[in-house]
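Sequences are here, hints too, so could you generate the full structure?
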Amino acid sequence: MSAFKKAVLFVHRWLGFISGLVVFIVSITGCIFCFQDEIQDAMYSYRTVQAQNTPFLKPSQLQQAALQTLKDGKYGGMAILGPNRAATVRVTDKAGFHVVYVNPYNGKVLGDDIMQKNFFIIVEFIHLYLLLPAKIGKLVVGTSVLIFVAIMITGIILWWPKRKSDRKRSFTIKWGGRWRRVNYDLHNVLGFYSTAIAIILAITGMSMSFEWMEKGIYATGNIGSKVNREFEEREMKSDTVSIPANISVPAIDVAYQTIKKQSPHTQMVFFYGGEKQSDIIHGTAYPTPLHYSFSDSYQFDKHTGKLLHFLPNTKKSPGMKLNNMNYDIHVGQIAGLPGKIIAFIVSLICASLPVTGLIIWLGKRNKKPKAKKVRDIAHRKTHQHLKATTNI
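First residue of the sequence shown? That's 1 in UniProt numbering, and the numbers climb one at a time after it.
If you're looking for bench data, these hints aren't it; they were derived computationally from the structure.
EDC-like cross-link-like pairs, simulated, lysine to aspartate or glutamate; straight-line CA separation at most 20 Å:
| hint | residue 1 | residue 2 |
| --- | --- | --- |
| 1 | K321 | E214 |
| 2 | K108 | D72 |
| 3 | K94 | D112 |
| 4 | K315 | E230 |
| 5 | K306 | D253 |
| 6 | K316 | E232 |
| 7 | K364 | D185 |
| 8 | K138 | E211 |
| 9 | K168 | D185 |
| 10 | K321 | E211 |
| 11 | K71 | E275 |
| 12 | K117 | D93 |
| 13 | K74 | E275 |
| 14 | K321 | E232 |
Across the chosen pairs, the derived CB separations fall in these ranges:
| hint | residue 1 | residue 2 | range |
| --- | --- | --- | --- |
| 15 | I173 | K108 | 50 to 58 Å |
| 16 | K215 | S248 | 42 to 50 Å |
| 17 | L290 | I114 | 19 to 27 Å |
By construction, the Cβ of each residue, glycine as well, lies at the ideal position given by its N, Cα and C atoms.
Here it is in structure tokens:
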């Protein structure tokens, strides 16, 4: 091995020691979370409804249905998720943070999911924060993932075959070899095949931890484009001078009707804001249920539902579109079911790399005394042979 590769190996190994445990945890939880929607739909019938040829109830009616179930609760936002899915209303009370599932056609409450007890929410918090305080957890996870990107790059340098005769061996796993050789191939070969996707998953994950990464993606996407970033990121304030005494239609219902008119192909709508600390109601419209790309963004006056700001997906900059696609890219669903399967497999491989790498390192440590012993025996036998020859 050349001096350069020895230096790369040293860096690769120690970066692995530093980040290996966190990378393993983040990758395993990523695998589990990848199909969380499909698994929860199979486990909990209250998440879905039978599609009907009747219009949905108004958002205010769905909101009221949820608050009647949790009378001491405070409203925290809602989502209308599509024709065959229950609407969700977020409510907080003494018991914690609830997601109440409501039939959007008749207002019947179908289920109440406390987020602190939801297995997949716990998995998500481990994935994002390691269950540490959010600020600390983001830093630990984000730094470890950044180190992992460096590990993948140094791994490719170490893997790169020097001779043409080594190429076939570098691309295949020798399943018939000894278990140490199989482990070595699993680390190197699977690491090579997963590198490109793993780095994409890592970058999209880091954008959730580091603002500079999110801004970097935004800037990269907008290279060569003229962008009015101030307009895209504008946060509006209520322009209602005095609140009308008799408001016949709740603001959220007015907002929903505006979204249906402006974004007619929308199937999923999210609302948040409008509480005491917020001047506006944010609305986000998506064309596909449970997919978070290609969204139209709205801001409404919280008192009257007046439209204050509208940014359709077609007018968003490439950088903003790329950031909006971040979650779908991260879990693979940007490419549908095949994309999710690929993300799952790559995450599983990423979880295996610290394990197989540690086994390789331990194997080499255990080999050294044995190799030294063999050399000592060979040296002693050679010395004895020379001595016997001299005496003849």
